[in-house]
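A.B. asks: Please assemble the complex out of the two chains, which come individually in their own frames, going by the hints.
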Amino acid sequence: MTVSHAPSPGNRPGRTSTGSAPGRSGRRRARVGALASLVLASTLAACGGGSGGPPTLTWYINPDSGGQQEIANRCTAAANGQYTIEISQLPRDSPSQREQLVRRLAAEDSSIDLMSLDPPYIPEFAQAGFLAPVPPDVASRVSDGVVESAIQGSTWDGKLVAIPFWANTQLLWYRKSVAEAAGLDMSQPVTWDQLIKAAKSQHKLIGAQGIRSESLTVWLNALIESAGGHIIEKVTPKPEDYQFGLTSEAGVRAAEVMRDVANSGEVGAAFSTSNEDTSATGFESADGGFQVNWPFVWPRALSAVDAGTLDKSVPDDYGWALYPRVDADTPSKPPYGGINLGIGAFSEHTDFAFEAAECITSDENQAYYFETNGNPASSKAVYDDPAVLKVFPQAPVIRESLDAAAPRPQTPYYSEVSGGIQREYHPPADVDPKSTPQQATDLIAAVLRGDQLL
Amino acid sequence: MSQTTLPPVEKTQPVSAPSRRISDRSRAERKLGWMLAGPAFLVMLLVTAYPIVQAVYYSLFNYRLTDPENRSFTGLSNYGVILTDSLWWQAFGVTVLITVITVAVELVLGFALAFVMAKALRSLRPTLRAAILIPYAVITVVSSLAWKFAFDIDTGFVNHWFAWLPGISVDTDWFGGQASSLTVVCLAEIWKTTPFISLLLLAGLAQVPEVLQEAAKVDGATFWQRLWKVTIPNMKAAIMVAVLFRTLDAFRIFDSIFVMTAGANNTETVSFLAYRQTITRVEIGLGSAVSVLLFLSVVIIAFGFIKGFKIDLAQARGE
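Chains A and B are the protein sequences, given in the same order. In the working numbering, each residue carries its 1-based index in the first sequence increased by 2. In the working numbering, each residue carries its 1-based index in the second sequence increased by 426.
Only chain B is shown next, with the shape it has when bound in the complex (with noise of 0.2 Å):
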């Protein structure tokens, strides 16, 4: 069976657009248009692009808060000693585990989930969606808290429940390794942010038009046939929606960490990285400079997916 999915829409000129001369009116309109929106331009670039040119500026110097008086010049040496330093790589590394462990369970738990709940009886619908969407509405400090008192070794209860499963016994110190404290941390972010990914879903699942997959169902498309070749190609936008947003939330993952483990037993983000060198050691520069990084990271994994997913998101709004 070939892939089933909507044709693509046929970019045509719309019948209102301008010719190659720009009528007064059109000009009057774009000039309105301007001004509206004007405003809300600038104040863009004064909260966003501001503090990234800033953050850019002073990673350029060796300047610590404390002392301001030796502020100097140091051009691109900051990045040269982040990029040299096992301790950037190794919290790059432990960002990228997190980001991929936890999107790709959140993904599968976020279709189940998403299917669940498009399959719900209709009065059942809103209620399913307020429940499945409680832990996302929890401050991401108090889910962090909660999961870290679950899993101490002298409050927490998970010992005591779980002491029957091989590995754990009422003795088993989460918080005492790496592997450990990430596996409680991953757990923390699944359960906070799979609502997040399954509601984005739902709003794709909607999407695809049930034409094709009663057209499917004729042609004798087991399910997973007909979910892997009707359902998720035709809701590509809204997954690649979703897990870029989840992928650059997990990416930038901070709260977490500094409530559970504080960066111990090698569990430092690059979030953390540029908290303690910015905030701890008030060395501006030098966090600075680790900031630009975590931005840059940041922009190419948008870039990536953007390409890799093929997407035109202009064209999944119909433009």
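Next comes chain A alone, as it looks inside the complex (with noise of 0.2 Å):
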């Protein structure tokens, strides 16, 4: 960008007090109007900066413990000038990460490059084609070595539509001496039956996600797959001819085992309000005895033994399983969550952002990220990393719970389904499993249809 006709301070008759040949005020003010030209042709010289140089890709991430922006430092180091990655942070909750970049996405914002996607809301930003389509080669290159749930998550009607980045699931934590006490087998599967007889035995308290929140719709999602049902069982492209699962066996069992947690009175006094945080301070208190929880949970006890605040003995008596299962005979699937990559559909230097998404999900990175922000890896290799062992001693059994998990009901009206169960399913102690699946499911048809508030 030139700046043209800019005026010349120095040329133009100086108005001083005689009126005649620029005096003093007249220099000073000569002087000044030469910075301020010189001020404003640099600026505008630095806003057009973008047309020569390497580009710089935004990655809009979801907050953490800094560990995407050094990722980002890396790739852009790793990149040799071709381009530079910057982070934009998104809001702490998914649905607001969600709603802030649909807005931006709506209005086809070119700063998006790259994104960091709660997996169930890939469906709806693939329909809506804010996502770039990912070229073949990258898709094959990236879903190499990946565990079955994340590439699940990244697909929407048959294609790979982002990039698995680190995948999430729940583990069952407990407490070795609550359940050694209560006479629980805790090598073998166990039931969420059980582990409600053996608190109620113990007086210790049982950690569930019973807030009304996207927590509430993880938790049934994982009662009914792993009562071998879904809470839609055909996605179609008209959303009125849903069909759901909410009222089928596997969906009433779910309803009946999340009534009988809530109704167990170990479970503590809020827990209608209770969220991941509030069940990993429950299990961390002298009263807890096993949680339904994200692996932060183990990081979090180590770091509040380092700053003093947690009696090193509490993580020592941790045990970890797979997720409780709902039938004896059925095995669990457990919650699928994370983050995927999506590579903005209006961005102008899509080919890096493809580029820069691989480098961001190397192996190397993964390892990173899981060892030094407690977030797991979606690619296999990961889990026999020495370092990673040592910090995460249950990585095992987290790729294990990978390849069982099961994700949300993938569909573009994902927020609708998860606030319909959100209404009915809460408060969890109110469950009733012969209306409430039904009423559910009422809700939800009827919203799509668009006949219905939310």
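There could be a bad hint or two in this list.
[What the hints assert, rightly or not] Partial list, derived from the structure: chain B residues whose beta carbon lies under 10 Å from chain A:
| # | residue |
| --- | --- |
| 1 | N488 |
| 2 | I508 |
| 3 | T510 |
| 4 | A576 |
| 5 | D599 |
| 6 | P635 |
| 7 | E636 |
| 8 | A688 |
| 9 | L699 |
| 10 | R702 |
| 11 | Q703 |
| 12 | T706 |
| 13 | R707 |
These are computed hints drawn from the structure, not numbers from a lab. Ideal Cβ placement from N, Cα and C applies to all residues, glycine included.
C.D. replies: Listed below in structure tokens is the structure:
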């Protein structure tokens, strides 16, 4: 960008008090004017700097402990000056992250080159045309050696639409002393009923997420999937034709488990507002018994020990196992979460963005992220890394859990489905297996038809 | 004792009122007035009328932000969906409940605080006024978070402080039920906005002529008689402005609900409903229709108050 017709203050007649030749004040004004022109010219030149030089890719990230920033730095260095990656932070919770990205992408914001996406929202983004199509060669490279749940979570309409990054799953965390005293053999799969009985016998807490938020849908989905069903049995092009599985045998069984846990008397007084952090806090307390939760609870407890707020004997007593079963004969399907990378459809540098995404999701970077930020990898190879195993002794169970994990319903209308579930299944203590699944089905179907508010 | 108020001001034509024919000078002044006020008027139209018109327009469509291709004109069907949905009426009921409770309590408390401020020593008055105003200066989200943390079962101190009261124990889950959640929401609102109402009432109180009070005193009126027959009738306009502003404000309540309950346990308000349809569900058509209904409710409240109080604000300004 050039600046033309910039006024030359020095050539203008000075309007001094004498009205003749430029005096002191006139000269001062001239100097100030020249300086202003210089600043203006340099500012405008800076504005136009984008046309030359390497492009800057903006990566919209979910907040973390600094791991994504470090990976962005590493990949900028690896790009050898071809491009630089800058991060831009999204809100803390995933529905808010989605809201901001949807608004920007609907306005065709070209500044979104890469984005960290929560898997349940990927179908909506793909369907709306917000994600740049993944080239076949990139798709085959980024899905090689990746856990199945992460590939499923990045797929819509039979195509890989996002790049698997890190894959999360919930484990059953237990206090070894409590399980032992209750006579539970934790080397074998356990059921929710067994957990309730054990917690009752020892008067210890069972931690799950009863709050009206996305966590509740995560829990219900895991229960239904573990019982052998699905929240949506059939996704069709028209949302009003969806077939739901909430009233199926598996759906009713899931509702029974949710109600039984909430009414067990061992879930803490504020169960209906209990989120992942609340469960972790309860589990760290002297009343801790069992909880289903993401792996962050492990580094969280170790940090608390380092900070002197938790006794070392507490994490020493932590045990971990696969997610509890609904029925003894059916393997559990733990929750799947994590983050996958989407490439903005309106980005001006999609080639570089895909290149950067491959760098970000390299085994080395995933191992770093797992080790330092506690976010498990989607690449299977990372689970054999000795450095990771040292920090996360439960890594083999996490990998096993990821292989068995089931994603939440994959539909562009996930927000409606999740919102309907949250409305009808909350508070969990009031869930009636006879009526709640039907009410939720009716509500979600009516909302998808456009006949009801949510 | 009959009600004592200032005699109504006779509306007389100003001396300088133009005759039927407008003089050239008046015409020029009017023109200048329009030229001066015109830009501001245009900006006002742009920032207020345009979004309202756009919301009304969008409310006639089935329009999902992530599916713009399938946008279709549906007429007034969005309004039909909303007005026949129990969720709307429940949210409306909760909003009215919060509005009535908070405004009523704030009015009483606001009066009490206004009296304290009015009667306080002249040297103490500025300090007292500043102290009372502090809650109003706090950002709503911040105050909502503070109240949430105070009543939270894990981090809160309220349960521990008030466990001696019947119905409260260390395990009381305030945000676990509708009534208890709304109690905290109302308390937070009352704490935050009572200063506003009290300041408006203080201004009204200052306008009540002292001569009327003295006359009533001489007539042997008690404090309550003076309050009901002299003070309140003479500050009717101030009361109306205070109650109207607070009612409109309370009716649009969003932040406290968003922070404290996120709408759980049937604590949703109309604003929250609009937020959910528009922002979470990205159903622009349905969300716009909810917003338009909220706007209409606010307009009806404003007209209702102005008619109900039978106040001519122009007269109150002395025009």
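A.B. asks: Run every hint past the structure and note whether it holds.
C.D. replies: Outcome of the hint check:
1. N488: 6 Å, holds
2. I508: This interface hint holds because 6 Å falls under the 10 Å limit.
3. T510: 9 Å, holds
4. A576: 14 Å, violated
5. D599: 5 Å, holds
6. P635: 52 Å, violated
7. E636: At 54 Å from the nearest chain A Cβ, E636 (chain B) fails the 10 Å test, so the hint is violated.
8. A688: For A688 (chain B), the interface hint holds, since the closest Cβ of chain A sits about 6 Å away, which is under 10 Å.
9. L699: With a minimum Cβ separation of about 7 Å from chain A (threshold 10 Å), the hint on L699 (chain B) holds.
10. R702: Check passed: Cβ of R702 (chain B) comes within 6 Å of chain A, closer than 10 Å.
11. Q703: 6 Å, holds
12. T706: 6 Å, holds
13. R707: 6 Å, holds
The structure fails to meet hints 4, 6 and 7 from the earlier list, while all remaining hints are met.
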